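There are 2 protein chains.
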Amino acid sequence: MISLLDLLRRIDAGELSPQDAIRASHEAIGRIDDEIRAFVHVDVTARAAPEGPLRGVAVGVKDIIDTADMPTEMGSEIYAGWRPKADAPVVTALKRAGATPIGKTATTAFAHLDPTPTRNPRNTGHTPGGSSSGSAAAVAAGMVPLALGTQTGGSIIRPASFCGTAAIKPSYRLLPSVGVKCFSWALDTVGLFAATVPDLAFGLAAIAGRPELKLDDETDAPRIGLVTQDFAGEPEPDSAAALGHTVREAERAGAKVQSMGLPAVVAEAWRVHPTLQDFEAKQALAWEYAAHREQIPLKLRQHLDEAQPIDAAAYDAARSTAHRARGALDEVFADLDVLLTFSAPGPAPETLAATGNARFNRLWTLLGVPCVNVPGYIGATGLPVGVQIVAPFGRDREALAAARFVELALGAG
Amino acid sequence: MISLLDLLRRIDAGELSPQDAIRASHEAIGRIDDEIRAFVHVDVTARAAPEGPLRGVAVGVKDIIDTADMPTEMGSEIYAGWRPKADAPVVTALKRAGATPIGKTATTAFAHLDPTPTRNPRNTGHTPGGSSSGSAAAVAAGMVPLALGTQTGGSIIRPASFCGTAAIKPSYRLLPSVGVKCFSWALDTVGLFAATVPDLAFGLAAIAGRPELKLDDETDAPRIGLVTQDFAGEPEPDSAAALGHTVREAERAGAKVQSMGLPAVVAEAWRVHPTLQDFEAKQALAWEYAAHREQIPLKLRQHLDEAQPIDAAAYDAARSTAHRARGALDEVFADLDVLLTFSAPGPAPETLAATGNARFNRLWTLLGVPCVNVPGYIGATGLPVGVQIVAPFGRDREALAAARFVELALGAG
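Going down the list, the protein sequences come from chains A and B. Per the working numbering, residue 4 is the first one in the first sequence, and the count goes up by one each step. Per the working numbering, residue 4 is the first one in the second sequence, and the count goes up by one each step.
Don't read these hints as lab results, they were simulated from the structure. Check before you lean on any hint, since a few could be wrong.
Identical chains blur together in the list; that is why a pair holds if it fits in one copy or across any two.
[As the list claims (entries may be wrong)] Keeping only pairs whose Cα atoms sit at most 20 Å apart, straight-line, the calculated EDC-like set for lysine to aspartate or glutamate is:
1. 88 <-> 297
2. 217 <-> 15
3. 88 <-> 72
4. 98 <-> 333
5. 98 <-> 308
6. 217 <-> 54
7. 217 <-> 401
8. 217 <-> 314
9. 217 <-> 319
10. 259 <-> 223
11. 217 <-> 309
12. 98 <-> 314
Fair warning: this is a prediction, and the values are worked out from it, not measured in the lab.
Modelling step: build the complete structure from the supplied sequences, incorporating the hints.
As structure tokens, then:
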């Protein structure tokens, strides 16, 4: 992988020009992407910006995010060749920070579950996860140092875990989701993939205009609550082993880890996530469903068929549950800095026909809290298995700092 | 004005075909709109739908709301001729309910303050208000029975007051704002204009799929809290008189009205609305500002210039204030059904160079609570002056029911 901070250090030291850095990404894409298929469009004219904290940083942009100078096809033939009028604000923010959007990355159709042709760079017979399939794979394969993804259930943290990259789903709306194809407006969250946690932190700070998110070299040992989300079912052995290993290494490095349950209303929030999501999704995709139902791929079409009967009363109740769960989670954090939990049920499944399951992610998306995937553990089959750090709403810096602590404890990054 | 419920009663009685109803709107637009300039595009091919609760109802759609089969120009030359790919979900919902989007209504550029050429149908030398200028004027002039608008500060309630129509800004995200050009994602709210409060209620119920919003013939006398929003400055004499008259008539009809102040944190929320709004606006319009700054009209351009220095810390503090104010407002409603306050500082100003002031509206937009403009009072200059009913979040039915009570007490509707 290309470390963003390493790259910027080399640029600062004069060892590499920003334009050479962009050229290296173009070359890597040319060399690798016929096999990985992370990109659906590459801007061969893309050049480095002359200045900005991210000058020389090539970025893969998930193809549900509007770009004025590249197509935006939503992973769907309905939008074949579609060219939005404007860049999404997060793309303008990237450019303002000096980064270079180098191409659009493969997304499942409308960021749901029908897979893309993208392969997992760690083992090309396995899914990279989804829905941000191309963004995770592009960073994991060393084609770009940074990529934009989005998460409504587990579409950032899960593919990061499967592909062995760092990734953050920030607090809800820390990055604007304007100009991003909507699936569920209460859930959709824009986030980042990078090689390491400090790379993420630097990128997020620059894009969001929040310099305090950058990490210092030293991070304090965090107080960690270990949660297994029993309501979400059992993990596979590799994910259980990844969590156990992480606890031991974090404790050895000085962290305090305590196992804990979660309040009943939080478990209830996990259960109602689909109600809230799907009542919004049937509205968000109402035009596509009304005008182009037959062109919607199978999993999403069936999902929308099943969503049609969800009524406003069920939605209002789900929203109320989520509201109470956010309050209850605040109390869980009273004596803790972060929570530690699974990033995914197990390593990337050996298939290109499915993208895995978001059951260990969707709660945190619903609660709007920042989540970081920490790579570093390798499971029994040789594939990476991440762990997930969760912090209170608005405490993205704490999430990143604790994730960095864990990353170092795992000997990664 | 065309009452939506009257129109549907005539259709149900066989006195009017749905297609004749649409034709009548086409004819009214042809007859009136050269002078009023409410529409920026009329779909001359628009036809009635064969079924649905709103069949035969012609709807004006504010031109920041995406339509796949009509241009969507955002009130800006930057978007001249722009044709979105998809209908916004609220437009699909209109069509699904049987309504006929008949044209796009004039909006100030990006729904800010630079005026449109639209004239107030009550007196064409006066502004109709904004930013939903064309939607308010189209309903007030009797061209259509229903129109869609949006509000970020006071862009629905103010023009409704100036033009003498009923209007609702529903609870935040009761109607989806997906596919609506964003100014501030935490504030932008889609709402409706119609001739009377029951017309609004019927339309909103049909579009939102919430049949419980329809009003019965009888409405109970509400418990009303009278708030003057002193933090927002003094009203003009006509608005003060409208409120006083409404209190007397509502009490005479059996309502209990008590004057009250608002908690300090609510006043503080009023003060921080611009910080929250403008930090989001500079991001939401970042592409336009970066790529087309010179084409942004003067008021908005200066506004965005001034917004650039607002930092994330100020935004986070504003958001936290708004969160606490929402909690404090819940307590205000403990023994009340609704609040009653000014809809606008006074009647429509005698100018086409400005659209008026949102100072009595912006608090309620920030708090996400439903607001209804009740027409019926006519001020000293012969222009309408509305009053505003505000209910707790999610209590849109209570807002409409109390507004209907007041409308009848005023001898209107």
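Okay, the hints, checked on the actual structure:
1. In the homo-oligomer, the alpha carbons of residue 88 and residue 297 lie at most 20 Å apart only across protomers (17 Å), although the nearest pairing inside one protomer, at 27 Å, exceeds that limit.
2. For the identical chains of this complex, residue 217 and residue 15 are intra-copy neighbours only, at 17 Å inside a copy versus 65 Å across copies, given an alpha-carbon limit of 20 Å.
3. Proximity of residue 88 and residue 72 under a CA criterion of 20 Å is satisfied in both settings, with 9 Å inside one chain copy and 16 Å between copies.
4. With identical chains, the CA atoms of residue 98 and residue 333 are never at most 20 Å apart, being 35 Å at best within one copy and 42 Å at best between copies.
5. In this assembly of identical chains, the alpha carbons of residue 98 and residue 308 lie at most 20 Å apart only when taken from different copies (19 Å versus 39 Å within one copy).
6. In the homo-oligomer, the alpha carbons of residue 217 and residue 54 lie at most 20 Å apart inside one protomer (19 Å), although the nearest pairing across protomers, at 57 Å, exceeds that limit.
7. Taking the closest pair of Cα atoms, residue 217 and residue 401 come within 20 Å of each other only inside a single copy of the chain (11 Å); across copies the shortest separation is 48 Å, beyond that limit.
8. With identical chains, the CA atoms of residue 217 and residue 314 are at most 20 Å apart between copies only, with a shortest distance of 16 Å across copies and 43 Å within one.
9. Only between protomers do residue 217 and residue 319 lie at most 20 Å apart by alpha-carbon distance; the minimum there is 18 Å, versus 38 Å within a single protomer.
10. In the homo-oligomer, the alpha carbons of residue 259 and residue 223 lie at most 20 Å apart inside one protomer (11 Å), although the nearest pairing across protomers, at 59 Å, exceeds that limit.
11. Taking CA atoms no more than 20 Å apart as the test, residue 217 paired with residue 309 passes in neither setting, with 43 Å inside one copy and 27 Å between copies.
12. In the homo-oligomer, the alpha carbons of residue 98 and residue 314 lie at most 20 Å apart only across protomers (19 Å), although the nearest pairing inside one protomer, at 41 Å, exceeds that limit.
When the structure is compared with the earlier hints, violations turn up for hints 4, 11 and for no others.
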